[in-house]
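Please model the entire structure based on the sequences and the hints provided.
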Amino acid sequence: DGGITQSPKYLFRKEGQNVTLSCEQNLNHDAMYWYRQDPGQGLRLIYYSQIVNDFQKGDIAEGYSVSREKKESFPLTVTSAQKNPTAFYLCASRPRQTYNEQFFGPGTRLTVL
Amino acid sequence: AQSVAQPEDQVNVAEGNPLTVKCTYSVSGNPYLFWYVQYPNRGLQFLLKYITGDNLVKGSYGFEAEFNKSQTSFHLKKPSALVSDSALYFCAVRSDNYGQNFVFGPGTRLSVLP
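For the protein sequence lines, the chains are H and V, in the order given. The letter at position 17 of the first sequence is residue 17 when you use my numbering, and the numbering goes up by one with no holes. The letter at position 36 of the second sequence is residue 36 when you use my numbering, and the numbering goes up by one with no holes.
Treat each hint with caution, since some may be false.
Heads up, simulated DSSO-like pairs for lysine-lysine below, C-alpha to C-alpha not over 30 Å straight-line [what the hints assert, rightly or not]:
1) H:Lys57 - V:Lys49
2) V:Lys49 - H:Lys71
3) H:Lys71 - H:Lys9
Not everything, but these chain H residues come out facing chain V in the computed CB check (under 10 Å) [unchecked claim]:
4) Phe12
5) Gly40
6) Gln41
7) Leu45
8) Tyr48
9) Asp59
10) Ala61
11) Leu90
12) Pro95
13) Thr98
14) Gly105
15) Pro106
These are computed hints drawn from the structure, not numbers from a lab. Yeah, the Cβ is synthetic: ideal placement off N, Cα and C, and Gly gets one too.
Right, here's the structure in full:
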C-alpha cells in the first residue's frame, strides 16, 4: 500500500448524511484519483486531480465532491445525493509522467445503514 | 474509447501448474498496459507494466506478461502457481494520448488449489 493512507478503514453512515473519506500520500505525487469498487464491476473513476487546486469529474461523479488544497491530500465527500453509496472506495496517486503506474491506498469500506 | 476485457471471471489452477490470466484491450493511440493484484479488503498492488520495447515483461513475485499488438492482448502468466497467488487480478490500460485516464478490467479471481 506504499505511502498512501486512507481513513477510516470501515465507515458506517445513515441515509441522508454526508461523509468524508480521507486520502493522504507522502510520495510527492502530482496526480491523485478516487475509485469506487463494486463486486464484479472492477474499478470506476469518480474524480481525479492532476495538480493542486484542480480536479476533474470521472465516469461516476454524481453525488460525490472532492477538494485538492494540498498536494498530499485529496478528500472525497459522499453526499446524500449519491443513491447507492455502499461500496469499497480506493484512492490512488502517481507521478505526472504518462507511463507511470498508480499506487493505491488500502481502501475504505463505506456502508449505508 | 478505451476498454479492457478479462474474459474469465474465475480461473482455477493446481499448485505447481502454470497459470494464465487473460486480458484484451482497445485504445486509440499506443497502449500502456498494467497488471495489479488485490487481496481481500486491501488496495491494489502493482505487478508489472508494458510501456514499450520487449513484448515479454517480467514483474513481481515471478509473474510475467506478454504484449501482443496484433491480438491486442496482454495475458498474465506464471510458470508455477502458488496457493498464495490466490487473489483478484486486474488488467488496466492507458493510451499514450494526452489526457487519457486508466481503464480497468472487471477482474479475474484466481484460485490456486493445493
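Structure-based check of each hint:
no.	hint	verdict
1	H:Lys57 - V:Lys49	26 Å, holds
2	V:Lys49 - H:Lys71	26 Å, holds
3	H:Lys71 - H:Lys9	22 Å, holds
4	Phe12	15 Å, violated
5	Gly40	6 Å, holds
6	Gln41	6 Å, holds
7	Leu45	6 Å, holds
8	Tyr48	7 Å, holds
9	Asp59	9 Å, holds
10	Ala61	13 Å, violated
11	Leu90	6 Å, holds
12	Pro95	13 Å, violated
13	Thr98	6 Å, holds
14	Gly105	5 Å, holds
15	Pro106	5 Å, holds
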